[in-house]
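First to last, the sequence lines map onto chains E and H.
Residues 1 to 301 in my numbering are what the first sequence spells out, letter by letter.
Residues 1 to 278 in my numbering are what the second sequence spells out, letter by letter.
If you are wondering where the hints come from, they were derived from the structure by calculation, not from laboratory data.
Predicted model, so just to flag it, every value in this text is computed and none were measured.
Some hints could be false.
To be verified - If you want the footprint, here are the derived chain E segments under chain H, 3+ residues with CB under 8 Å:
| no. | segment |
| --- | --- |
| 1 | 29 to 40 |
| 2 | 63 to 74 |
| 3 | 125 to 135 |
| 4 | 283 to 296 |
A virtual CB, placed ideally from N, CA and C, is assigned to each residue, including glycine.
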Amino acid sequence: MSKTSVKNKKSTAIVRRNRRKAYLFLLPNFLGFIVFTLIPVAMALFYSFTNYDGNKKMDFVGLDNFIKLFSDSSFVISLQNTIIYTIVTVPLIIVLSLLVSVLMNNGVKGAPVYRAIMLFPHIASIVAVTVVWQFLYNAKSGPINQILRSIGIANPPSWLSDQKTALLAVMIMIIWKGIGYYMITYLAGLRGIPKDQYEAATVDGANAWEKLIYVTVPNLRPVTFYATIMCIINSFQVFTPIYVMTKGGPGRATSVLVLKIYEDAFVNYKFGYASAEAMILFLLILVVTLIQFYHNKKLEA
Amino acid sequence: MNKTKSRNVIFAILKYAVVLTLTFSMLIPFVWMLSASFKTNLEVFAFPIQWIPEVFHFENYSNIWEIANYPRMFFNTVKLTAIITGLQVLTSTLAAYAFSKIKFPERDLLFLLYLATMMVPYQVVMIPQFSIIRNMGLSNTHMALILIQAFTPMGVFLIKQFYDGIPNELIEAARIDGLNEFGIYSRIMLPLSKSAIVSLAILTITATWNDFLAPLIYISDSKLFTIQLGLRNLCSEYTAEYGQIMAASVMSVIPIFVLYCIFQRFFEEGMISGAVKG
Numbered sequence: 001m002s003k004t005s006v007k008n009k010k011s012t013a014i015v016r017r018n019r020r021k022a023y024l025f026l027l028p029n030f031l032g033f034i035v036f037t038l039i040p041v042a043m044a045l046f047y048s049f050t051n052y053d054g055n056k057k058m059d060f061v062g063l064d065n066f067i068k069l070f071s072d073s074s075f076v077i078s079l080q081n082t083i084i085y086t087i088v089t090v091p092l093i094i095v096l097s098l099l100v101s102v103l104m105n106n107g108v109k110g111a112p113v114y115r116a117i118m119l120f121p122h123i124a125s126i127v128a129v130t131v132v133w134q135f136l137y138n139a140k141s142g143p144i145n146q147i148l149r150s151i152g153i154a155n156p157p158s159w160l161s162d163q164k165t166a167l168l169a170v171m172i173m174i175i176w177k178g179i180g181y182y183m184i185t186y187l188a189g190l191r192g193i194p195k196d197q198y199e200a201a202t203v204d205g206a207n208a209w210e211k212l213i214y215v216t217v218p219n220l221r222p223v224t225f226y227a228t229i230m231c232i233i234n235s236f237q238v239f240t241p242i243y244v245m246t247k248g249g250p251g252r253a254t255s256v257l258v259l260k261i262y263e264d265a266f267v268n269y270k271f272g273y274a275s276a277e278a279m280i281l282f283l284l285i286l287v288v289t290l291i292q293f294y295h296n297k298k299l300e301a
Numbered sequence: 001m002n003k004t005k006s007r008n009v010i011f012a013i014l015k016y017a018v019v020l021t022l023t024f025s026m027l028i029p030f031v032w033m034l035s036a037s038f039k040t041n042l043e044v045f046a047f048p049i050q051w052i053p054e055v056f057h058f059e060n061y062s063n064i065w066e067i068a069n070y071p072r073m074f075f076n077t078v079k080l081t082a083i084i085t086g087l088q089v090l091t092s093t094l095a096a097y098a099f100s101k102i103k104f105p106e107r108d109l110l111f112l113l114y115l116a117t118m119m120v121p122y123q124v125v126m127i128p129q130f131s132i133i134r135n136m137g138l139s140n141t142h143m144a145l146i147l148i149q150a151f152t153p154m155g156v157f158l159i160k161q162f163y164d165g166i167p168n169e170l171i172e173a174a175r176i177d178g179l180n181e182f183g184i185y186s187r188i189m190l191p192l193s194k195s196a197i198v199s200l201a202i203l204t205i206t207a208t209w210n211d212f213l214a215p216l217i218y219i220s221d222s223k224l225f226t227i228q229l230g231l232r233n234l235c236s237e238y239t240a241e242y243g244q245i246m247a248a249s250v251m252s253v254i255p256i257f258v259l260y261c262i263f264q265r266f267f268e269e270g271m272i273s274g275a276v277k278g
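So that you can see chain E by itself, here it is in the shape it has in the complex (with noise of 0.2 Å):
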């Protein structure tokens, strides 16, 4: 036997034993996986080509449900809804903590105190929130509107039951919520910017706001990357501050694409037609996401 033909022999001996052990190690949560998350995914997939109502029915139709819906008025309304409500949270959220947590990092006394009762919306629960929330909105009697009257403005708006108002209702809401979060991570992230780059700035002559223009936000850039996406991604996906405050209403107002998906799923039972439309919010999660990264890769050129 020459000498290469055992050396061989060895490391194939080792790459399988290798395997077997990480197999070992891997196996618990790898067969969950595949089991509760990879195969649904194809099977996601399969589901939005078809007509399955959950039960029996199923049949391939094709493109059929993607067209369809298009021309389903309330489809489009809460992919509306939703750009909207992406559109206007989620550059408030990360310019709000960015600040906040500029702001914080300079000298605050008594941070550490204001930093943990920020984090107070962020850890409770959605459904809390959204419940108080929803008594502090009331038209005739919540506090908002009560103080709003008290300070002169007769016909405070209704919030929650008027179409117009609704969705912003949401809206100020999450901000309200979202802050916290983002700001502890722009916080890690001031921590690892060389406090040198701000002496050189100020020998240059500049000052707080030039500082935080072109020395604070152009290092934060990769905070900023990761929070932004986070956050889109986080805003696509609402659903229960919908459900439990106006379940989409009034009328369709509040109505976003996961509380449509949702209902045609689980209520109408229309499974291969709300797999269409997951696969739609699907492929706006991943554009944005793309384009973020494109973005972010000139940016660093």
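Model the placement of chain H on the given structure of chain E, informed by the hints.
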């Protein structure tokens, strides 16, 4: 010199104004909720707001506890949270060890598979998951919730990132010393990654405790309700019992608040672990 001084003062005032306003606005709804939970239904919406009620109506809490099935829901939620978190931590640390410290040919491909599916939103998989669970005869059971939440790729990703930071030389040395893989896992990796494990546990506990959509889809038997589901049902059933609804809300957030006070550092570490490493 005086100009800069006054500008600094203005800046300081602005700084505290913004921070204090935001902090105050984050706190106020919770204070209102707490205060309302001790009031009668008429008092809840009284204006001007009476922050400290004259009489503390503790019966709001005892009513919820007795009538609204709260103890059972509390038990259900604790049970689910404990099981899911335990399984998640166990299987994630095991799998992450394989991905991080054992060299096998398919390693990168499999991990890429994990990463790719992380991108797919829950709302896409929730429909086929429901079919699978139903075919297993597990609809309307706690097992359904456990199975779909205990094996998420997120946990593996988080722990693997941490494990990657543990030097391979340590592992190699242990192997040379004759320690088997499971020994390395339990006696080296686990103790060294305690903070990552606690962060993952906290993330999972919070996510499971606050989860609404999955229990909504699977649980129709009120004996199996979780707290979030129960709270929402309470609102639709007893719409005018404002005080009691607030009491129920308070009770649903207290456990996580307590956890937060004790483990604040780990809450924050869990939040930034995705961001800083990217």
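Inset, instruction - Quick one: which hint numbers does this structure break? Sort them smallest to largest. - result: Hint 2 alone not satisfied by this model.
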